[in-house]
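Undergrad: Chain by chain, the residues run as shown.
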Amino acid sequence: MIVTHDLTLRVDARLLVERLDWRVDAGQSWCVIGPNGAGKSTLLRTIAGLRPADAGTVTLKGKPLPDWPLPALARERAYLAQSRGDAFAYRVIETVLMARHPYHADRYWEGSDDHAAAELALRTLDVLHLAQRDVRTLSGGERQRVAIAALLAQDTPLLLLDEPANALDLAHQVAMTGLLAGLCREQGRAIVSIGHDLNLAWGGATHALLLHGDGQWRAGPVGEVMRADLLGACLGHPIAVIEHGGRTIFLPAAQDAAGTVPMRRVQ
Amino acid sequence: MVAATSPARRRATLALLGACALAALVGAGLAGSVAVPVAELPRALAGLLTGSPDGMAATLLDLRLGRASSAFVTGAALALAGVMMQALVRNPLADPYVLGVSAGAAVGALAALLFGAALWLVDLGALAGAVAISLLLYLLARRDLSGGRGGVRTGESGVLLLTGVVLASACMALVTLMLSVAPESRLRGMVFWMIGDLAGTSWRLLPWVVLAGALLLALRQARALNVMALHADAAVTLGVNVARLRRFLFICSGLLTACAVTTGGSIGFVGLVVPHACRHAFGPDHRLLLPAAALAGGGFLVLADTLARTVLAPQQLPVGVLTSLIGVPVFLFQLHQLHVRHPR
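Top line first, the protein sequences correspond to chains U and D. Residues in the first sequence are numbered from 1 upward in steps of one, following this note's numbering. Residues in the second sequence are numbered from 1001 upward in steps of one, following this note's numbering.
Chain U extracted, bound-state conformation:
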């Protein structure tokens, strides 16, 4: 679905990602992992078409990203920004209906099909009861779920999510991870999401992309890439992988004697 070739990303003079050759296919769920400032969001904004590539190309369905007309592109990929600043008192239902914008340049008011899509998305994210609320009065987690609902209502084959688990409580983090995994498995959508929770990534993603922040990267199926040594080198902190009851659990390893801060022991 999306292919990058020799993609290089820079912010000011700093090299973040160098010559990334990467391919995301339908039905795959990718998790982008890396330390703060490693270029995860920059990569996502680049493949969303929000900023130009510093070198190399990004193609979507075989067509270079800059050649896509904006409305057509908006029917192919949806993008969840890391944060939102709500300046105006839109109601929740209005923000979700707005995600239907790419589908009808000719309509002035939304039709009943748009309402149906919006309602389904709100129900899926468990926020239907908030439909008439002013978005500025929502809690952080509720706002995040509404934003993800809008993404679903946009109904695109490719979903790009910048830290979708942000501000969500534990139950909704798990539910959201399952929801995204289901979209890939059952509907063949492609997902690229950024996350800091390795366990959520392991549970929901099929593939992982590690960004080191100095140009290095590694991409592949989670089983090949999410290894303790690779993750530790990428994140700058040793990672312990524990098998427990048939599940794989990722933990930050305790620092050894020479280490700085003693981590709380895991019982």
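Keep in mind the hints are simulated off the structure, nothing from the lab. All residues carry an ideal CB built from backbone N, CA and C; glycine is no exception. Just to be clear, a hint being listed does not mean it is correct.
Short derived list, chain D residues pointing at chain U, Cβ under 8 Å [what the hints assert, rightly or not]:
1) A1035
2) R1223
3) N1241
4) A1243
5) A1281
Based on the hints, put chain D in the right spot on chain U.
TA: Leaving out everything else, chain D in the frame of chain U:
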């Protein structure tokens, strides 16, 4: 089904606002130091429409409706420009004057008044000032207005807003300079221009053309405006050409403001409070907000201007005083009501 406000209800809202505006216009025609009796209204109107205003009532009506039409188009333009400016800088506290368009117009108009120029030169000065300041601002902040897909994050840097505010204060310094060196005899006219005054205005076609054009174009963009107001530059991912939309808003609101200040001087308050009040009353959806604000702004200024020339008749007050005197309490009351109903 989750109910959003139905189109039928929105149409009813607009019809109601239109009726109010019409009532304000009729009131403006009837009221004055010499009242026109309602019974004479049809005949006088007929005389006006056939182009031969004969008799006292028809003449009065011609004068008053001419002024009222100026008031309406000015108020509507200011309110519409206010809505656009607030969407452009994504800040509900912005008004059409925040980027210095009116301050530029004031420099031009006051310079003309200072040298005792003819009235049409004052208007021309105002227009030239407004256009000059807009062009300067566009050059200085064009990075903020272009971009979009180009890479620079648009709008969030505040370059446009800051540049506008700084240019406005530079213009205000020039205005103060001119006021302080102006001879006594011309000071009154200059101060009245600053406050905003509709005395002596009559039928003019150009502001109506600009208003109608701006409103029609803006309505076509209303959905995109909603998306941009909500998502800022991420609106690109919903298919909105943010850079083009921001340039459109800049040019459109600049033209509307220039038109308004050229007609009536820098009438304060309408461009900030009418959009605000409409947002509170009808919600932030631009598809309804744009026409509603235009109707409400026009009606409000007609009402204020009618009061300005009748309250202390035969003395005429500058309408800018009235807009503030009516607007502030109404607005505060509404704000208070809102907080009582929806405590945060």
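Undergrad: So, for every hint listed, does it hold in this structure?
TA: To see whether the hints hold, each was checked on the structure:
1. A1035: 43 Å, violated
2. R1223: 6 Å, holds
3. N1241: 6 Å, holds
4. A1243: 11 Å, violated
5. A1281: Violated. Min distance 12 Å.
Comparing the model with each numbered hint stated earlier shows that hints 1, 4, 5 do not hold.
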